[in-house]
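Can you make the complete structure from the sequences, with help from the hints?
Number of protein chains: 4
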Amino acid sequence: MKPSLLATTRLFTEIGRDFHTRGWVLGTSGNFSTVVSRKPLTMVITASSVSKGDLRPADVLTIGANGAPLGKSVARPSAETALHIAIAQSRGAGAVLHTHSVWSTILSELHGAAHGLRLSGWEMLKGLEGVRTHEHTEWVPILDNDQDIPALARRVVTVLEQGPAIHGFLLRGHGLYTWGDDLAQARRHVEILEFLLETTGRMHAFRPK
Amino acid sequence: MKPSLLATTRLFTEIGRDFHTRGWVLGTSGNFSTVVSRKPLTMVITASSVSKGDLRPADVLTIGANGAPLGKSVARPSAETALHIAIAQSRGAGAVLHTHSVWSTILSELHGAAHGLRLSGWEMLKGLEGVRTHEHTEWVPILDNDQDIPALARRVVTVLEQGPAIHGFLLRGHGLYTWGDDLAQARRHVEILEFLLETTGRMHAFRPK
Amino acid sequence: MKPSLLATTRLFTEIGRDFHTRGWVLGTSGNFSTVVSRKPLTMVITASSVSKGDLRPADVLTIGANGAPLGKSVARPSAETALHIAIAQSRGAGAVLHTHSVWSTILSELHGAAHGLRLSGWEMLKGLEGVRTHEHTEWVPILDNDQDIPALARRVVTVLEQGPAIHGFLLRGHGLYTWGDDLAQARRHVEILEFLLETTGRMHAFRPK
Amino acid sequence: MKPSLLATTRLFTEIGRDFHTRGWVLGTSGNFSTVVSRKPLTMVITASSVSKGDLRPADVLTIGANGAPLGKSVARPSAETALHIAIAQSRGAGAVLHTHSVWSTILSELHGAAHGLRLSGWEMLKGLEGVRTHEHTEWVPILDNDQDIPALARRVVTVLEQGPAIHGFLLRGHGLYTWGDDLAQARRHVEILEFLLETTGRMHAFRPK
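Protein chains in written order, with our numbering: chain A, 14 to 222; chain B, 14 to 222; chain C, 14 to 222; chain D, 14 to 222.
Among these hints, one or two may not hold up.
[To be verified] Simulated coverage check for chain C against chain A, where a stretch passes if three residues somewhere in it have a Cβ under 8 Å from a Cβ of chain A:
{"no.": "1", "segment": "39 to 47"}
{"no.": "2", "segment": "118 to 131"}
{"no.": "3", "segment": "178 to 187"}
[As the list claims (entries may be wrong)] Computed far set for chain C versus chain D, every beta-carbon distance over 10 Å:
{"no.": "4", "residue": "SER17"}
{"no.": "5", "residue": "LEU19"}
{"no.": "6", "residue": "PRO70"}
{"no.": "7", "residue": "ASP72"}
{"no.": "8", "residue": "HIS147"}
{"no.": "9", "residue": "TRP152"}
{"no.": "10", "residue": "GLN160"}
{"no.": "11", "residue": "THR171"}
Hints were generated in silico from the structure; no laboratory data involved. Built from N, CA and C at the ideal position, the CB exists for glycine as well.
What follows is the structure, given as C-alpha cells:
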C-alpha cells in the first residue's frame, strides 16, 4: 500500500530538516517527490519556492503525469516537476530527491566541460543499489543548466537512456538529482553521492590539476 | 497586521539559534531587525553585545527612526542600528539580517580591494527576490569597515542608491548584510548568499589567482 | 555484568545518531559491535545495509564466533562481521567501531601507497588508551580494501600482530577501524583518530607534497 | 553571589555539549573551570579524562589553590588544573575555558616557530573584552607543549605577565586557552578566537606562505 499524503509529508519534513541542517537545501533549493501510483502516474512533490528546512502540509501536493496539481491546491508544484516525472517514468523510480550542496555545485562546475565525472574504487559506492564491489566505476553525468524545463527534461531522458547504470546526475551550477525504489533508498543515494562528491572535491587539492 | 514584539522575539530566537549553530553569528556578532511601522518608522532590533544563539526577551527592543529605544529599556540597541535604519528607509526593506560567517569574512577580504564581487551562473541566485534565471549576475558590493557608524550608514545609502538591484553587501572583515520584505525572505537571502560565498571561496582553490 | 541487548541497542543508537550527524556513517556505511561473552565468543553487532543514523532494535543482532546469528534473526549481520570478530579475538577488544568519514577516506588514499601514516607530537594522542605523552608516535596502518572478507580478516590479524601498540587502522578508500575495552573507550578512540586524521589532512595543504 | 556547584555543572554541561558538537572538545580534550571564591582561591573544574560532550555531576569537582580536591571526591581534577589556577591568579579571571579544535591545533603548528600569531583588522575582535575597534591587533602567544604541567604553568604566568593585553594563548599541537570575568564572557572569547583562527587558517590557502 502506497504511503498516504500525510505520511509522505512527515517523511519529506524529516528529510528536509536533516538536509537543511547539512546545508544541502538552503534557500528554497532542493525538491523531493515520491510516486503514489503508476497508471495513471501520480506523484507527491514539494511545492515551488518553499524552504525544505521546515516543510508544512501546505508545502506538499499531489500531481498527475502532466505535472498539474490534482484537486484544488494553493501551492504550485516545484518548477522542476518535469524532471521528477521524467525520472519516475524513464527509470521506474519510486522517489526522486534533488539536493543542492556546496560540493555538488562545485564539482558540477569543475567537471562541467567534461560532461561528467567518474567515481571509482570507493567502498562507499557499494551503498548504491545493485553495486557489489568498490571496484565499480560510477559515471555521474553533468548536464548544462537550463530554465527551459521541458527541454531540460528531454535531455534528462536522453542521459537516462544512454546511462542505464547511473544512479544520479548533476545539473551544472545547480546540484544533484538521484532516485530510488522508495524514499529511504533515494535518501541513501543522496548521502552516498554527496559524500563521494565532497571527498572527490577535497582530493582535488592534493592532485595535479 | 504587524507581528507583535513577542512574536518577533520568537522568530529572532529561532533564527539566532540556527545561525549560531552554523557559525554565522558567533561571539556577539550579527544583528537582526524588522520593521513594525513605516510612518513614523519603528523597528524591532536585537540589543548590543548579546549572543544571538540564545536570545531572551530582554535582548530585543523597539526603536524609532533616530535609533533610540521607544519606552524604557535596559538594553541598548545594536551598535549598528543606523545601518538597519538606512536599509529599511532606503530600500523599503521589512527586515534586515546581518551575519558574520567565516566565508563571508574571507570573501570580503579577498575581494575587498575590488570593492565587490560578482556571483554569476548559479541556479541558487534564483532564490533572490525578483531573479528569474541562473544567467543573472549579482554584484555584491564590499564596503570598507568603519567604527564611525553614521559615516558608514551614509556610505551604505550611497551603495544602495548606486546598486538598486543588489540584494546584499559585505563589510570588509565584518560579514554580510542582506534584507527582505519580511524575516522569512531576509533569512532566505542570508542562506543563499552565504551558500554562494562559501561556494565561491572554495572554488578559489581550483582557479588561477 | 554484560550490558543487555536492549541497553547495547540504545548505546548503538545514540552513537549512530551522533556519528551520522557528523557525516562519519553516511549511507549504510559504518558498523558497531560489542562483546557480550568471551567463552564462547558472543558479540552484538549492527545489521548489514542499515542506516546508522536511526537504528532500531531490529537492526542489531547477536552473533557467535563464526559470525552466524544466534537464535532466529530477520537481519543479517554486517558484511564486515569477520573483521569485528578478528579484532575482538586478536586484541581482546570489548567493542569495535568502524567509521567512514570524508577525512579518513582521503587520508587512506593519500597514504595508501605507504601502507600507513604516522601521527606524532599531538596532545590529542594522549586520549588513546595507554598513551602518556604527546611525544608518542602512533602508526596507523592502511590495508588495501578487499571484498573477500575472510582474506581481509586474515590480513587484519597480521597487522594487529605486527603492531601490538596500534589503536586503529584504515582500510583504503573505506575508512577507519578502532576499538576499546568498552563502547565508551572505542568511541573516544574514534573521536581522537577522526580529529587527528582531519587535522593531518588539512595540514597537507600547507606542506610541500 | 557565586553560582553553586550544581548551577556550574549545568553551565559546564551546556557548554560542553555545544563545544563537543562543534568538534572543539573531542575525545577527552578540553577542560573548563570557574572561580568560586578568591581568598582562599576555590575553583570548580572538570575532572580528568571525561568526555565534555555529556558531563555528569560526578565529572565536576571543587579544588583549592594547590589543585587538590576539597572534600572527598572520586574524580581527579583535570591534569591541566595548574594552568587554570595560574590564569585565575595571574589574570584575576573568573572562568577559564580550554578548547582543542582542528583549526586552533593547526594554527598552533603553523605559527609555532614564531611563538605566536597576530590577529588584526577583524571586526570580530571587538567582541574581546575591552577591545573597541577592528583596528586592534591581538597577539596570540603560542607556547611549546609540555607534560611537565608545573613547568608549563610557570611559562604561562610569564606569558601572561609579558602580555597584559592578551585574551588567550595556544599550546602547540594542543589547542586554545582563554578566559573571562565569568563563564559567559569566557565562552564568548572561545567563540571569537576559534572563529578568527579558522578564518586565518583558511586564508592561508590564498596567500603566499
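### Query
For this structure, which hints from the list above don't hold up?
8
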